[in-house]
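Residue numbers (this note's numbering), protein chains in the order written: chain A, 645 to 766; chain B, 43 to 271; chain C, 37 to 119; chain D, 1057 to 1221; chain E, 3 to 89; chain F, 1395 to 1508.
I should point out that these hints are in silico values taken from the structure, not numbers from a laboratory.
Any given hint might turn out to be false.
Unchecked claim - For lysine to aspartate or glutamate, the following DMTMM-like pairs were computed, each having C-alpha atoms within a straight-line distance of at most 25 Å: (1) Lys-1207(D) / Asp-1495(F); (2) Lys-28(E) / Glu-1487(F); (3) Lys-28(E) / Asp-1425(F); (4) Lys-1488(F) / Glu-1188(D); (5) Lys-1101(D) / Glu-135(B); (6) Lys-1130(D) / Asp-1490(F); (7) Lys-1150(D) / Glu-1494(F); (8) Lys-1488(F) / Glu-109(B); (9) Lys-28(E) / Asp-65(C); (10) Lys-1488(F) / Asp-65(C); (11) Lys-145(B) / Glu-1203(D); (12) Lys-1101(D) / Glu-1487(F); (13) Lys-1150(D) / Glu-1188(D); (14) Lys-1130(D) / Glu-1487(F); (15) Lys-1150(D) / Glu-1085(D); (16) Lys-1130(D) / Glu-1085(D); (17) Lys-672(A) / Asp-65(C); (18) Lys-1150(D) / Glu-1452(F); (19) Lys-1207(D) / Glu-1494(F); (20) Lys-1101(D) / Glu-1188(D); (21) Lys-28(E) / Asp-1490(F); (22) Lys-1130(D) / Asp-1425(F); (23) Lys-28(E) / Glu-1486(F); (24) Lys-1150(D) / Glu-1486(F); (25) Lys-145(B) / Asp-1200(D); (26) Lys-1150(D) / Glu-1203(D); (27) Lys-145(B) / Glu-1120(D); (28) Lys-1113(D) / Asp-1137(D).
Claimed, not checked - Covered stretches of chain D, going by a simulated chain B footprint (3 or more residues, C-beta under 8 Å): (29) 1083–1089; (30) 1098–1112; (31) 1139–1146; (32) 1158–1170; (33) 1195–1205.
Said to hold, decoys possible - With the C-beta cut set under 10 Å, the calculated list includes, among others, these residues of chain E facing chain A: (34) Ser-4; (35) Glu-57; (36) Gly-58; (37) Arg-59; (38) Leu-62.
A virtual CB, placed ideally from N, CA and C, is assigned to each residue, including glycine.
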Amino acid sequence: MSTAFYWSIAGTAAGLVLVGLWGILTRKHILRIALAFTLADTGVNLLLVWSGYLPGRTAPIVDGTISASGITSAVVDPLPQAMVLTSIVIGVAVAALFVVVGVLASRRTGSADVRRMKELRW
Amino acid sequence: MIRTLTGLIIVLVLGAVAAAVIPEMQMREELQGVGYSYVSRGMDDTGSSNLVTAVIVAYRGLDTLGEVVVLFCASTAVVLILTLYPIGIKASEPSRVVAFTAKVLPAPILLFGVYFIAHSHISPGGGFPGGTVIASVFLLVMLGSSSVPDGRGRLPAIESLAGLSFGLLGFWGIMTVGQFLNNAFLGTGTPGTIVSGGLIPLISIAIGAKVASEFSGVFKAFRNTGGTV
Amino acid sequence: MTETLMTVIVVTFGGMMITAAIAVLFVRDLLSAIIITGFVSLSASVMFLLMDAPDVAITEASIGAVLATMIFLWGRGKIGGDG
Amino acid sequence: MKRFPAVMSTAAVLLCIWIFLTLSFHPHELVLGFAVSLIIAVATKGAFTGNWFRLLKPARLAAEVNYVLYFLGKMFMANIDVLMRVLQPVVPVKPGIVRASLVMNSERARNIVANSITLTPGTLTIEMTGTEIFVHWISLPEGDIHEETQKMVDGFANRLKRIFE
Amino acid sequence: MSNTFTSILFGLLGGGLLLAFIRLLKGQHGTDRAVALDTATLISTNLLVFIAFLEGRSMLVDVALVYSVLSFLGVLAIARYLDGGLR
Amino acid sequence: MIFLSIAGHVLLVSGGFILFTSGLGILRMPDVWNRLHAGTKATTLGSILFLAGIGCLEPTWIPKLFLIVLFIILTNPVSGHALARAVHMRPEEKPDNLLEDDLAESGFEGGEEQ
C-alpha cells in the first residue's frame, strides 16, 4: 500500500507513451499523428520526472521550511527535473515544426492523409 | 486493417517490455550519485536556492546553451518555411470584450513573466517558463486584434542579442577564472535574496528573452500567413 | 497528505489522462481532439506538482495550455478535414 | 504627456502586484520592481488601469464600495439560482436572447457592465455593439422581457455612471 | 486539519472535476468540450492551491497562478478559433 | 484564532460544494449556453470562497491568493463571453431551444461591425 501511488504514476506514464505510439502507428490524419506525438512526449516527461521522485520528500527549493544542513535527506532529485524542463520546450518546438511540415505536405498532395504523402516516404 | 494489427502488435510488445523493465527500477530511499552531489553542494557552489535552476544554468549550462540552439533551429525552420510558402486566410474581428481584455491584461501577465525570470534562483520558474509566459502575452495581443502587431525587425534583434549575451556571459568566465560559464566568480551572495547566485539571474534573463522572442516569432509567422491565430 | 489520499488523487488523474489520451485518438472531430489534448497537458501539470516538481509544472502548464494548443489550432485551420 | 497619469497609476498598481508576489520589502526587490513596473507601464501605454488617481476621490470611493457590494450580492444570488436549478430532477430552463440598450461613454465602464452581467443571476453577455448589449437568459423573466432586461442592465450601468462620469 | 475533512474536500473537488471530465468526453460539439475544459481547469487551480496548502509550502502557489492565467488564454484561443477563423 | 479556523473550514466546504455544483451543472444542463452559465458563475464564486478559506487557515499566503482571485474575476467572464459568442457564430452547433432570439433577428453575424 505504501508505494501504490508511486507505481501508479509509472503506469500512467507508460500508458501514455504506449497510447501515443499506437496513435502514431495507426492514425491516418497527419494532425492526429502530431497529437499522438505530443501525448507520447508528455508520457516520456512524466516517466523521467518519476525516475527522480523519492516518496515523502519535498521540492528541491530551499526556503524556510527545509534547513540547508539536512537537505540531502529532504528533497527529491533535481537532475531529471532540469532535463525535463528543457525537454518540454524542445518538444513543443518540434511539434510546431511537425505541424508546419504536415500542413505544407497536405497542401501539396491535396489531402491530410499520410498514406498519400509519397514525398515523405523513404 | 493490417496497419492496425501491426500497430497493435508493436505496441503490445513494447508494453510487455515496459511491464518487465519498469518494476526493475527499485524505489530509491536516498539520493545517489550525481544527484546527491548536486543537492549537497549546490547551495555553496552556486548560491541559488532553487536547485533545479542551479542544475540548468550552472552545472549543465553548456547543455542549456546547446538546447537553446536546438530551439533556435526549430523556430527558424518554422519561420523560414512559412515565409517561403505563404498560405493566406483572413482573420476575423474579435468581440469588443475580448479586444478590451487584450489591451488590459498584457501588463500584469508581462509582470508575471518578468517575476518568474528574475526570481528563477529563489522560487519556481526560470528562463523557460518565464519566456513562454511573455510569448503568450504576444499571443493575447494577437487574439485581441485582426491585424498583425508591429515590431518588425525588433524580434530578431532581441533574439540575437539574447543568444549573444548568453555566449558572452560564458566567455566572461573564461576571461576571469578560465572556465566557460563559471557563475561563482561574481560572488554568490546570500542565498534567498534577489542579488545572489552569481551569474544565474543574468543567464536566466538571456534564456527568457531568447525563448520569448523565438515563440513570438513563430506566432507572428503564423499570423502573417493568415488563419485563425 | 496521507498516502491513501495521494493514491486516490494519482489514480484519479492517471485514469483521466489515459482515458483522455485514448479519446484523442478515437474522437471524430479533430477540434475536440485538440481540446482533449489540452486537458491531458493540464492534468500532467498537476501530476508534476504531485511529484514535487513545481518548475516542470509551471513549464508544462504554460506550454501545454497555450502554445501547443495554438499551434495545433493553426494547423487545423490550414488543413481541415477530420480523420 | 497626455497619458502620464494613466502610466503612473498603472506603474503603481503593478508595483503593488510585484510586492504581493515577492512578499519582501528588501530594497533590491523594491528597486527592481519599480523599474520593471515602470518599463511595462510605459510599454503598454498605461492601458491596465487607465487613470486611477481620478477614482480615489471620496465621493467616488463611496460609489465604488456601493457597486462592489451590489455586485457581490448579485453574484451570490446567481450561484444560489444555478444551484437550485441544477439540483432539481429536471433542470428547468427557458432560454432566450434579449436585446437591451447600453449607452455609456467609457469603453472601460461598458466592459465592466458586460462582465458583471456575465457573473450575475441567470444572464450571460453574448454580444456587445456600440449602443446595445445582447443578454442570454437561463430562464426568461416574468412580464415584459425587454423591460426586465433593460432594468437589470441599468441596475449596473447607473451605479457605474456615478463612478466613471 | 483533520483527515476526514481533507477527504471530504478532495471528494468535492475531484467529483466536480470528474463530472466536467465526463462532459469533456461526451460533449456533442467542440463548444461543449471547450466549456468543460474551462471548468475543469478552474477546479484544478483550486486543487493545486489545496495541494500546496497540504504540503505547507507557499511557493507552490505560483504554479496555480500561472495555471489560472494561462488556462484562460488557452480557452480564449479556442474561442477565437471557433468564432470564425474558418469562414 | 479558533474563530479564523472555523471560518476557514466553513468557507472551504462551501467553496468546494459550489465548485462541485459547477461540475454537476456542466454535466446536467441541456444546452451549451446553459452549461456556460454553470461553468462561469459557479466556478468564480467557488474559487473565491475556497481561496478565502485557505487564506483564513494560512494568513501569510493571503497576498498571492488575492492575486489569483483577482485574475479569476478578471478573466473568467471574458472566456465565458468569448465562448458564448463563438457558439452563436456556428449555426450548426447552436442550440435550437431558444424562446426568443433578438441577436439572430438583428442580422448580426459578427466581424463586420467596427
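To see whether the hints hold, each was checked on the structure:
1. Lys-1207(D) / Asp-1495(F): Status holds; Cα separation ~19 Å.
2. Lys-28(E) / Glu-1487(F): Holds: Lys-28(E) and Glu-1487(F) sit about 15 Å apart, inside 25 Å.
3. Lys-28(E) / Asp-1425(F): holds, 13 Å
4. Lys-1488(F) / Glu-1188(D): Between Lys-1488(F) and Glu-1188(D) the Cα gap is close to 22 Å, so the pair holds against 25 Å.
5. Lys-1101(D) / Glu-135(B): Satisfied, since the Cα-Cα distance of roughly 23 Å is no more than 25 Å.
6. Lys-1130(D) / Asp-1490(F): violated, 29 Å
7. Lys-1150(D) / Glu-1494(F): Holds: Lys-1150(D) and Glu-1494(F) sit about 9 Å apart, inside 25 Å.
8. Lys-1488(F) / Glu-109(B): violated, 46 Å
9. Lys-28(E) / Asp-65(C): holds, 12 Å
10. Lys-1488(F) / Asp-65(C): holds, 17 Å
11. Lys-145(B) / Glu-1203(D): Roughly 33 Å between the alpha carbons, so the hint for Lys-145(B) and Glu-1203(D) is violated.
12. Lys-1101(D) / Glu-1487(F): Violated, because 40 Å separates the two Cα atoms, which is more than 25 Å.
13. Lys-1150(D) / Glu-1188(D): With Cα atoms ~22 Å apart, Lys-1150(D) and Glu-1188(D) stay inside 25 Å; holds.
14. Lys-1130(D) / Glu-1487(F): Distance ~31 Å between Lys-1130(D) and Glu-1487(F) Cα, so the pair is violated.
15. Lys-1150(D) / Glu-1085(D): Between Lys-1150(D) and Glu-1085(D) the Cα gap is close to 55 Å, so the pair fails against 25 Å, i.e. violated.
16. Lys-1130(D) / Glu-1085(D): Roughly 40 Å separates the two Cα atoms, so the pair is violated.
17. Lys-672(A) / Asp-65(C): Holds, at roughly 14 Å.
18. Lys-1150(D) / Glu-1452(F): Since the Cα atoms of Lys-1150(D) and Glu-1452(F) sit roughly 43 Å apart, the hinted pair is violated (cutoff 25 Å).
19. Lys-1207(D) / Glu-1494(F): holds, 18 Å
20. Lys-1101(D) / Glu-1188(D): Violated, at about 28 Å.
21. Lys-28(E) / Asp-1490(F): Status holds; Cα separation ~19 Å.
22. Lys-1130(D) / Asp-1425(F): The given pair, whose Cα atoms are some 24 Å apart, holds under the 25 Å limit.
23. Lys-28(E) / Glu-1486(F): Distance ~18 Å between Lys-28(E) and Glu-1486(F) Cα, so the pair holds.
24. Lys-1150(D) / Glu-1486(F): holds, 21 Å
25. Lys-145(B) / Asp-1200(D): Violated: Lys-145(B) and Asp-1200(D) sit about 37 Å apart, past 25 Å.
26. Lys-1150(D) / Glu-1203(D): Given pair Lys-1150(D), Glu-1203(D) holds - Cα atoms ~17 Å apart, limit 25 Å.
27. Lys-145(B) / Glu-1120(D): Holds - the C-alpha atoms of Glu-1120(D) and Lys-145(B) are around 23 Å apart, at most 25 Å.
28. Lys-1113(D) / Asp-1137(D): Violated - the C-alpha atoms of Asp-1137(D) and Lys-1113(D) are around 36 Å apart, more than 25 Å.
29. 1083–1089: holds (count 3)
30. 1098–1112: holds (count 4)
31. 1139–1146: With 0 residues in contact (Cβ-Cβ under 8 Å with chain B), the coverage given for the stretch 1139–1146 of chain D is violated.
32. 1158–1170: holds (count 5)
33. 1195–1205: Coverage by chain B is violated for the stretch 1195–1205 of chain D (0 residues, Cβ < 8 Å).
34. Ser-4: With a minimum Cβ separation of about 21 Å from chain A (threshold 10 Å), the hint on Ser-4(E) is violated.
35. Glu-57: For Glu-57(E), the interface hint holds, since the closest Cβ of chain A sits about 7 Å away, which is under 10 Å.
36. Gly-58: holds, 6 Å
37. Arg-59: holds, 6 Å
38. Leu-62: Since the shortest Cβ distance to chain A is 7 Å, the answer is holds.
In this structure, the earlier hints numbered 6, 8, 11, 12, 14, 15, 16, 18, 20, 25, 28, 31, 33, 34 are contradicted, and the remaining ones agree with it.
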